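**Student:** Read off the chains here:
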Amino acid sequence: MAEIKVNPTRMELKKLKARLVTARRGHKLLKDKRDELMRQFLDVVREAKALREHLCRQLGSVYSSFASAAALMDPRMMTEALMLPGVQGELSVTQKNIMSVYVPQFQYHAAKAADTGGAGYGYAFTSSALDEAVEQICAASTQLVRLAQLEKTATLLCDEIEKTRRRVNALEYIMIPQYEAGVKMISMKLDENERGAQTRLMKVKDMMIRAQIEARRTEREIDE
Amino acid sequence: MYKIGVIGPRDQVLAFMAAGFTVYDAQSGREALTALKKAKGEDCAILYITAALAGEIEAEIARLSKDTLPAIVTLPDMDSGYGTAQLKRAVERAVGADIIFKD
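Taken in order, these protein sequences are the chains called A and B.
Using the numbering used here, the letters of the first sequence map in sequence onto residues 1 to 224.
Using the numbering used here, the letters of the second sequence map in sequence onto residues 225 to 327.
These are computed hints drawn from the structure, not numbers from a lab.
Nothing here was measured: the structure is a model prediction, and the numbers come from that model.
Note that beta-carbon positions come from the ideal geometry of N, C-alpha and C, so glycine has one too.
Careful: at least some of the hints might be erroneous.
Said to hold, decoys possible - 27 Å max Cα-Cα, derived DSS-like pairs, lysine-lysine:
| no. | chain 1 | residue 1 | chain 2 | residue 2 |
| --- | --- | --- | --- | --- |
| 1 | A | Lys-184 | A | Lys-15 |
| 2 | A | Lys-184 | A | Lys-17 |
| 3 | A | Lys-96 | B | Lys-312 |
| 4 | B | Lys-290 | B | Lys-262 |
| 5 | A | Lys-184 | A | Lys-5 |
| 6 | A | Lys-28 | A | Lys-15 |
| 7 | A | Lys-96 | B | Lys-264 |
| 8 | A | Lys-5 | A | Lys-96 |
| 9 | A | Lys-28 | A | Lys-49 |
| 10 | A | Lys-96 | B | Lys-326 |
| 11 | A | Lys-33 | B | Lys-290 |
| 12 | A | Lys-49 | B | Lys-326 |
| 13 | B | Lys-290 | A | Lys-49 |
| 14 | A | Lys-14 | A | Lys-184 |
| 15 | A | Lys-163 | B | Lys-326 |
| 16 | A | Lys-33 | B | Lys-312 |
| 17 | A | Lys-49 | A | Lys-189 |
| 18 | A | Lys-49 | B | Lys-227 |
| 19 | A | Lys-14 | A | Lys-28 |
| 20 | B | Lys-312 | A | Lys-49 |
| 21 | B | Lys-290 | A | Lys-31 |
| 22 | A | Lys-163 | B | Lys-290 |
| 23 | A | Lys-189 | A | Lys-15 |
| 24 | B | Lys-312 | A | Lys-163 |
| 25 | A | Lys-31 | B | Lys-312 |
| 26 | A | Lys-96 | B | Lys-227 |
| 27 | B | Lys-261 | A | Lys-96 |
Claimed, not checked - Using C-beta positions, here's what the derived DEER-type ranges look like:
| no. | chain 1 | residue 1 | chain 2 | residue 2 | range |
| --- | --- | --- | --- | --- | --- |
| 28 | A | Thr-9 | B | Asp-291 | 45 to 51 Å |
| 29 | B | Glu-266 | A | Lys-28 | 41 to 47 Å |
| 30 | A | Lys-28 | B | Gly-305 | 18 to 24 Å |
| 31 | B | Asp-291 | A | Pro-177 | 33 to 39 Å |
Throw the hints in and build the complete structure from the sequences for me.
**Tutor:** Next up, the structure:
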């Protein structure tokens, strides 16, 4: 691991310690965020999975009845019949904030068009399989919208979880150990300097005392 | 008010017109891409796309899915299992291992 290069001064030590504290706090927060995102993500995915399986079964029969209707009817008449929707859906979108990820919330209100009484076409020239397909699709539309919301939420949360996990790991395994190593390095260097200074002072004091003793001894010898 | 769009071959997705969804005809991946861009410009909040076409333009869909809107979703169908596979992949990416779809 590459160590950070810093001058071994008290100023740098103070700065580094402050950054270490911030990094630790950020790590804890991001870890909590990741756990909560994960919890929500798994709930959403479980629901989406169940709904998709349900819709797969429901729409499977729609596709087959639609295919048989398409085989029986003239394609132009079919287009004409479906041109005017029997159901008017109103879709409005709001946003929800999940741990600073903005996910869409869809509100869908399906209302049968009043003037057509449900189906948007006359029954005279259309196949009964078409009626069935249209009815089932209209019934499934609310669930389809719900599925879209769940899957979109899952995709957005998945991206955010990936990002957050990278950040947590970077802090845990790179940044925090680097700061700790830096703090340790500076404090050891400072201690070493202090010890060096102490020894020097003791040595100087020793030399001074020796010089004084020497001076007194020569004085005494001169007196004698 | 937002629209709901369906992209796919006309004979497969025409039925959705009856539910008030906007149908964009696309027979190939390239046409689907053009339809996708057109639908995005027309205020579509939800876009359903058939599994076969979604498989062809997967990278483009992944790029467009980074925004909050539109929500691009694969139409549920019995045969391909593409939508379920996408969900499974999302779980693997987020959690690191598949813990929901294992059977």
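**Student:** All hints, please: hold or fail.
**Tutor:** Results of checking the hints against the structure:
no.: 1; hint: A:Lys-184 x A:Lys-15; verdict: holds (13 Å)
no.: 2; hint: A:Lys-184 x A:Lys-17; verdict: holds (10 Å)
no.: 3; hint: A:Lys-96 x B:Lys-312; verdict: holds (24 Å)
no.: 4; hint: B:Lys-290 x B:Lys-262; verdict: holds (18 Å)
no.: 5; hint: A:Lys-184 x A:Lys-5; verdict: holds (12 Å)
no.: 6; hint: A:Lys-28 x A:Lys-15; verdict: holds (20 Å)
no.: 7; hint: A:Lys-96 x B:Lys-264; verdict: holds (21 Å)
no.: 8; hint: A:Lys-5 x A:Lys-96; verdict: violated (44 Å)
no.: 9; hint: A:Lys-28 x A:Lys-49; verdict: violated (32 Å)
no.: 10; hint: A:Lys-96 x B:Lys-326; verdict: violated (30 Å)
no.: 11; hint: A:Lys-33 x B:Lys-290; verdict: holds (20 Å)
no.: 12; hint: A:Lys-49 x B:Lys-326; verdict: holds (12 Å)
no.: 13; hint: B:Lys-290 x A:Lys-49; verdict: holds (21 Å)
no.: 14; hint: A:Lys-14 x A:Lys-184; verdict: holds (12 Å)
no.: 15; hint: A:Lys-163 x B:Lys-326; verdict: holds (25 Å)
no.: 16; hint: A:Lys-33 x B:Lys-312; verdict: holds (22 Å)
no.: 17; hint: A:Lys-49 x A:Lys-189; verdict: violated (59 Å)
no.: 18; hint: A:Lys-49 x B:Lys-227; verdict: holds (25 Å)
no.: 19; hint: A:Lys-14 x A:Lys-28; verdict: holds (22 Å)
no.: 20; hint: B:Lys-312 x A:Lys-49; verdict: holds (9 Å)
no.: 21; hint: B:Lys-290 x A:Lys-31; verdict: holds (23 Å)
no.: 22; hint: A:Lys-163 x B:Lys-290; verdict: holds (13 Å)
no.: 23; hint: A:Lys-189 x A:Lys-15; verdict: holds (16 Å)
no.: 24; hint: B:Lys-312 x A:Lys-163; verdict: holds (19 Å)
no.: 25; hint: A:Lys-31 x B:Lys-312; verdict: holds (24 Å)
no.: 26; hint: A:Lys-96 x B:Lys-227; verdict: holds (20 Å)
no.: 27; hint: B:Lys-261 x A:Lys-96; verdict: holds (25 Å)
no.: 28; hint: A:Thr-9 x B:Asp-291: 45 to 51 Å; verdict: holds (48 Å)
no.: 29; hint: B:Glu-266 x A:Lys-28: 41 to 47 Å; verdict: holds (45 Å)
no.: 30; hint: A:Lys-28 x B:Gly-305: 18 to 24 Å; verdict: violated (40 Å)
no.: 31; hint: B:Asp-291 x A:Pro-177: 33 to 39 Å; verdict: holds (37 Å)
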